[in-house]
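Line by line, the protein sequences are chains A and B. Those letters in the first sequence? Residues 1 to 233, per the numbering used here, in order. Those letters in the second sequence? Residues 1 to 416, per the numbering used here, in order.
So, partial list: chain B residues that the calculated Cβ filter (under 7 Å) puts toward chain A: (1) T3; (2) R10; (3) N11; (4) K14; (5) T314; (6) T317; (7) L318; (8) G319; (9) V320; (10) K321; (11) I409; (12) V410.
35 Å max Cα-Cα, derived DSBU-like pairs, lysine-lysine: (13) K88/A <-> K321/B; (14) K6/B <-> K121/A; (15) K48/B <-> K77/B.
Rough simulated footprint, nothing fancy, chain B against chain A, three-plus residues with beta-carbon under 8 Å: (16) 48 to 60; (17) 91 to 101.
The set of hints was computed from the structure by calculation and includes no laboratory data. Note that CB positions come from ideal geometry on N, CA and C, so glycine has one too.
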Amino acid sequence: MTKTAVVCMEEVHKTYYLGETQIEALCGIDLTIEKGEFVAVWGPSGSGKSTLCNLIGMVDSPNSGNILFQGQEIILLSDEERTELRNKSIGFIFQTFNLMPVLSALENVMLPLQIRGVPSKIVREKAMNILDELGIVDYIAHRPHKLSGGQQRRVAIARALITEPALVIADEPTANLDSDNARKIIDLMRKINSLKGTIFLFSTHDQRLLDRVHRQIQLEDGVIVDDKLREKS
Amino acid sequence: MITWIKIGIRNLYKNKRRSLFTIGAISLGFAAVNIFGGFTNYMYTNLKQSFIYGQGNGHLTVFKKGFSGEGKIDPLKYLIAEAEMKTIRGFCMKDSRVLMVTPQLRISGLLSNGEVSTIFIAGGRVPSEIRFINSQAKGLLSENKFFEGKQLEDNITYGVGLSKGLAKKLGLSLNSGAIAMSPTVEGLLNALDAQVFQLFDSPAETLDDKLMIVPLKFAQLLYDTSSVDRLTVLLDDDKHIESVKAFLEQGLKQKGLAVEIKQWRELSSFYKKTKDMFDTIFIFIFVIVFIIVVMSIINTISMAVMERTREVGTLRTLGVKRKRIIELFAIESGLLGIMGSIIGMLLTLAIWIGIQIWEPTWIPPHITIRVPLEVYLVPGYIILSFLCLVVLSVVAAAFPARKAAHMSIVDALGHV
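In isolation and in its complexed conformation, chain A is listed as follows (with noise of 0.2 Å):
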């Protein structure tokens, strides 16, 4: 492990069992994340990638194998220990957003950060900026059932960036979103990570956004096939 990685994943396995089927979704995984990259796993359904991000992002273990996270094993650590971890350096991005849908925009942003019992009128101040510099300030009282697609995904992307986490897992960010929308996410949190260095990771299928990422990981029946860099653009 590097000075600078905060993922590092050694000889990592994960089998799931449907019934009496044994499925091998990650066969010895070796991977390093450093510190400000802007990755994509990508592969065909089945893949592994949605395994992989579970066991980075600490809401899965493996069965077999070694994460180390900022240098601190998870496998060690006890589910108290890694929900506090996760709520502090790691934030999530749903496919399908995962709002709350009793709390306001607003609100839905200030939770990870009550979660952690910092004070209401620090994180409403914090959650107002950020909304503030995804351009949905204007929405902030409205729930997400009153919020179009894209004024959802914002709200997410504000969400888990609230707690400033040293990663941010999403998947599939840009899915149903048109060209222009697309760009425009991915254009936002490419600034994002290269002002505060936040790694993001992605799960993605889509090209869009597999040619601005600057790492690409393919998986292929829970093996990395491919891990290269592309050239920052």
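Add chain B to chain A, keeping to what the hints say.
Okay, now just chain B, sitting in the frame of chain A:
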């Protein structure tokens, strides 16, 4: 915490219909338990009032020591002599909490209409003093006359009261003449003329064909004695029962008097049996109602957990710990309990007001007149119901919430 309460309230509002049904079940359960509890409380209070004031039995009764043991077989061996009676009475009246001490003598014998005779048992009492005890009753006992005819008088020894069953048995009516016969304390046969001044309903059905009330002098004349078998003590407040009893026991013992003092509860088997029965029924109702409420809450929260599984997965991903997930659903469930209980309180109050306005009446056991049917508001029951329902609501959420909290995050996020 405020964020979780806010989420809880909004989720309850989001599923208005389901929440309303659950709150409705809780409030109805609350009202049912408290209305029934209020009714039983009304019954207990009136039975107590009836025994202490209505029947003139007072709060405490002083007997000769051994009366309640061997005295049941041979009560005449346990009479309190006149001198002792005066000493006991004088000592009791020194306590400012004692309103009245009145002597009584229970007698039995044969009552005849001149042609046929039948067994009677009678309480020989001082009519004016019993009237005083009656007058201390609250509510309908002090407002109603529970006999036909006229009052017995201290100085008209031959004026007696008969239970309606006894009068009917002997074909007697008001102002009829009768003859009471009995052995004296010495064992000699004695008889006295009597006139029926009043007819009353017996407090126990089994005594209806044999019960009489007579002036104490009548009883003493028939038994040829100046003794009594008990002294009835009336207090200013029943909360003083224990302390006055202890005071009298100690004081009378110091005076060298061998007595035993019984509280009214020990002497009223009807009150005890009725209270035990209603207490048992109340517990049954309490348990059944609360089981139904708990099951309703478990159902509601289980449905909420199922519908919000993905939301739970998201919260866990964002950094919410397992116990906080349980807290979230426990808060929602607790809010249902609180809202249901508050509405239940209002419903109880509305029913109580309705009864006050409607003023229904009924004929309780052992009484022939219609009396108001009342329900009391019992603060103790209301508070206990509130606490139980809120606690049960929170606990009921624990089972489904725990399951949600321990679900795999990946499975929860993938839940459709």
